Amino acid sequence: MTAVLTDPNRPAQAPAFQKISTARQIKNRLATVLTGLTFLVAVIPLVWLLYTVISNGYEALLNGDWWFKSLKGVLPEQFTGGVYHALYGSIVQALVCALIAVPIGILTAIYLVEYGNNGRFARITTFMVDILSGVPSIVAALFVFALWVTTFGLETSAFAVSLALVLLMLPVVVRSTEEMLRLVPDELREASYALGVPKWKTIVKIVLPTALSGIVTGVMLATARVMGETAPVLVLVGYSRSINFDVFDGNMASLPLLIYNELLNPEPAGQLRVWGAALTLILLIMFFNLVATVISRFSAIKTK
Amino acid sequence: MAKRFDIKDLNIYYGKFHAVSSVNLAVPPRNVTAFIGPSGCGKSTVLRSLNRMHEVAPGARVEGKVLLDGEDIYASTVDPVEVRRTIGMVFQRPNPFPTMSIRDNVVAGLKLAGVKNKKKLDEVAERSLRGANLWNEVKDRLDRPGGGLSGGQQQRLCIARAIAVQPDVLLMDEPCSALDPISTLAIEDLITELKKDFTIVIVTHNMQQAARVSDQTAFFNLLGVGQPGQLIEVDDTEKIFSNPSQKATEDYISGRFG
Ligand SMILES: Nc1ncnc2c1ncn2[C@@H]1O[C@H](COP(=O)(O)OP(=O)(O)OP(=O)(O)O)[C@@H](O)[C@H]1O
Ligand SMILES: [Mg+2]
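Chains as they are written, first to last, in UniProt numbering: chain A, 1 to 304; chain B, 1 to 258.
Since the hints were made in silico from the structure, they are not lab data. Not one of these hints is a red herring.
No more than 25 Å apart at the CA atoms, straight line, and that leaves these computed lysine-lysine pairs for BS3-like:
id : chain 1 : residue 1 : chain 2 : residue 2
1  : B       : Lys116    : A       : Lys201
2  : B       : Lys239    : B       : Lys196
3  : B       : Lys116    : A       : Lys205
4  : B       : Lys119    : A       : Lys205
5  : B       : Lys118    : A       : Lys205
6  : B       : Lys139    : A       : Lys302
7  : A       : Lys302    : B       : Lys118
8  : A       : Lys199    : B       : Lys116
9  : B       : Lys111    : A       : Lys201
10 : A       : Lys201    : B       : Lys119
11 : B       : Lys120    : A       : Lys205
12 : B       : Lys118    : A       : Lys201
13 : A       : Lys302    : B       : Lys111
14 : A       : Lys205    : B       : Lys111
15 : A       : Lys201    : B       : Lys120
It should be emphasised that the depicted structure is a prediction, and the values quoted were computed from it without experimental measurement.
The shape of chain A in the complex, shown without the other chains (with noise of 0.2 Å):
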């Protein structure tokens, strides 16, 4: 059989080829329509939710003190005043979880990938990681109320927020950062040793760099997707209407926290106000997305 395939002086006879049979031509039909019926499904619900943000929330955002005023002496049925004092809130309670959870969670990366040899102590700190990353917000925000609270006598504030949305993040970064370092060539680290670089310097000045647009998007997408987190704030917190910028001390808004106060309001500026901020932290979390892609592009590895 083969012989006859593949002798020289036998070429292929017409028709060598057959077209394709209808058979496949309807599989082939059947699932190219399946397939673009599912991604409708999926997209529907997208649009449909942003149309409806969008069109019920756009008019607060038009109002000039919305991005500038806090809602501090403003009642329940006025239309003025503005989120600052919750847009302030959501983006320094993230951005002080971040500074915690960002250090802690490269670190880990990299005992995990560059020291751990997949030990024991590593396995248990990847089935740790893995078992926070599975933990509701709920119960962090529970955590670390039985901690800071009931056990430290502590305030509520802003910081212990903060704590709560650090065991949030930490393992969404290790496990991106992690993924980012096992993608960097072993070839990499025994060229740097091949010339008598030690093991901590090429971690630094090789693998790090290497990794470094990844990890950076890791890290923003991570912060962006803690802002949008309840469960915290509605437990850790108290709601105030007016700005307050210490994070240790006292009630403090945010977006969320916002949200659900005015969804007590039954004005219809209550109503705006609700829409307008969920449209606020959207537009919040796209901004952070954005910047990650653009960092992204910046530090990523050029060849030419």
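Take the given structure of chain A and dock chain B with the ligands to it, following the hints.
What follows is chain B with the ligands alone, placed relative to chain A:
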């Protein structure tokens, strides 16, 4: 500069797996030694244990002595980082640092060791690139990323990077296996050039290459699956290729193997 190697009773392990058994070999200075042998017989393993790269793999260890001008590189007082600074290595696949420019790639070893003097770095970059026969091709784009070069150019860049730290010995693991015949010839010429200053050990699957560039040839073989690889014989390249003393060597070289 160039130093001699004396390998005494070297046994190499990956965890429990005994990869290479009892290698005894002398590598004279300013001389090219070629390692040949079938795949999996432990050529790379022996080569990597000559600059303590072997122990980078988890569980890997060696027994025996590797003397560099009489000093055992495996002595407990010796810092492996120092050993690797003295014994450079070029890998099978070109591996320039993707985040660095061509110039920074060449001087990476010095820069990471803390040399900051720009004039000195520029000098070293030029000298090493000339030494690797790459200067004329890249002198106008030293600030471009090293990853933008062709495979052959990248490999010469890696050679430039290895010689920039002025090692005493240069180890090369199949440096031409990913390259076209022209780049291969360029690198072979380069090896002949470098021989004046360095002691060179090269692993190759290409018999003609071993015959062309090396002064002595070591033939490694595998007696069976799961058995450790062994050094069958080592002799002047001419003798190995014309009149080897072992039948296995003759069979391998003439292609009557296995
Ligand atoms: N990191 C490692 N862990 C465990 N075993 C290994 C490792 N690297 C190599 N080995 C084993 O050691 C033996 C020798 O491998 P080595 O890479 O030295 O062969 P080689 O002669 O260089 O082969 P080739 O010509 O294909 O490159 C092989 O049996 C291989 O499977
Ligand atoms: Mg090999």
